[in-house]
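Protein chains: 2
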Amino acid sequence: MQLGRHISGQFNAELESIRTNVLTMGGLVEQQLSFAMQALHKQDIELARQVIRDDHKVNAMEVSIDESCTRIIAKRQPAAKDLRLVIAIIKTITDLERIGDVAAKMAYVAIETPDLKDRKFHVSLEPLCRQAIAMLHQVLDAFARMDIEAAAEVHKLDDRLDSEYEAVIRQLMTYMMEDTKNIPHILQVMWSARAIERVGDRCQNICEYIIYFVKGKDVRHLDDQSIEEVLRKE
Amino acid sequence: MQLGRHISGQFNAELESIRTNVLTMGGLVEQQLSFAMQALHKQDIELARQVIRDDHKVNAMEVSIDESCTRIIAKRQPAAKDLRLVIAIIKTITDLERIGDVAAKMAYVAIETPDLKDRKFHVSLEPLCRQAIAMLHQVLDAFARMDIEAAAEVHKLDDRLDSEYEAVIRQLMTYMMEDTKNIPHILQVMWSARAIERVGDRCQNICEYIIYFVKGKDVRHLDDQSIEEVLRKE
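If you're matching them up, the sequences are chains A and B in order.
Position one of the first sequence corresponds to residue 29 (this note's numbering), numbered consecutively onward.
Position one of the second sequence corresponds to residue 29 (this note's numbering), numbered consecutively onward.
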């Protein structure tokens, strides 16, 4: 009995440590996005280089957390909710790693913009990126507390990010039409905009994993209203 | 002893059935991509609608295989190689589902191109898409046989897809510059090209999961040469 409690205590400590690592990874990814946005906005090449250098840290964290998850499944044979937590974590870190890639891509665009006058095309990315960072911040917060109500709220925010993205693309298109020699560089900025818009989709994925963990129900491919219904069910 | 063999026989049958489902899902995704390409090429709206309708089948297969994987972990508590297989499958189906999304996106572009003369912009997508489909076909084949040599070969093919993609984008850019009123539609075609290029990255991911399963080594974030070295090690 005592031994059982001891083992289960160790198990909980291990699970808790993995969760903490996910949040650390999430914090790093959030910082990477924020630095990439600043690098683009202020044309800060040194900061852009740092973002690219640090991308391997995000990758290494993904690999290491993945290993911890596989180890805990093999060693502790978790069932039910514990197992769902491990599966939710394995999926969450994949999305976090891809968000890290977005930051690195944005940093490359900053480096590949030698002409200062081209910075005007980057201006429209800032509010878009701010929204994406806010969404990431909120979903990490929901993850820390495993709060399904908060997760469902973040899930809904993606529509706003999509509208903002559409507006950015329309604006960039008019720049393209005004002067066709800007097309190659504006395309780079558009790729960044699209990558940022995808950050919202990845945050939605993480919301879905939180709900999967807490409610034991897979809500991927459901709309916001159907997700609300799942949440209301006991 | 007999009972043990019986249970292990059942377990193997369950694992085998999940693997078969992954291959069925892969086959469906390959077909979706192929139909989407034809729909774009021949401006076949009916076929495009079918691709969009069938996307939910791909999604449902992902959810169902995911459930089988969680169930087998909880019930059978697989260790070592068996566990790696289940983890590899959980990750593989995420990538397959996203490739399915690419097919649906291409189908939408076909539907949103009412003007027959715009079809000329779609022509350049065909060889790109053919390459991506071939890569998917080969990686599914490597998955079926869990053949790491074949996986490493497919992994290398992505460079060729990237070069083809760059060529397509350059060509589409010249169309944009020739007549700026084509910009909005050409952008749609460019998004498709980019999505197809990402199919290659997702096939590379699946190659990495195959190597992870067989060799027990996580080769994500390694270049092709380092992967070769992992393969040579016993």
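None of these hints come from the bench; they were simulated from the model.
We treat Cβ as the ideally placed atom computed from N, Cα and C, and that holds for glycine.
Treat the hints with care, since some could be wrong.
[Said to hold, decoys possible] With a Cα cut of at most 25 Å, we get these calculated BS3-like pairs of lysine-lysine:
#1 A:109 / A:133
#2 B:209 / A:85
#3 A:119 / B:148
#4 B:184 / A:243
#5 B:209 / A:103
#6 A:133 / B:243
#7 A:209 / B:133
#8 A:85 / A:119
#9 B:209 / A:109
#10 B:148 / B:209
#11 A:148 / A:85
[Unchecked claim] Counterexamples of contact, computed for chain B against chain A with all Cβ distances above 10 Å:
#12 70
#13 94
#14 95
#15 102
#16 105
#17 108
#18 112
#19 115
#20 165
#21 208
#22 248
**Request:** List, from low to high, the hint numbers that the structure doesn't satisfy.
**Result:** 1, 2, 3, 4, 5, 6, 7, 9, 11, 13, 14, 15, 16, 17, 18, 19, 21 and 22
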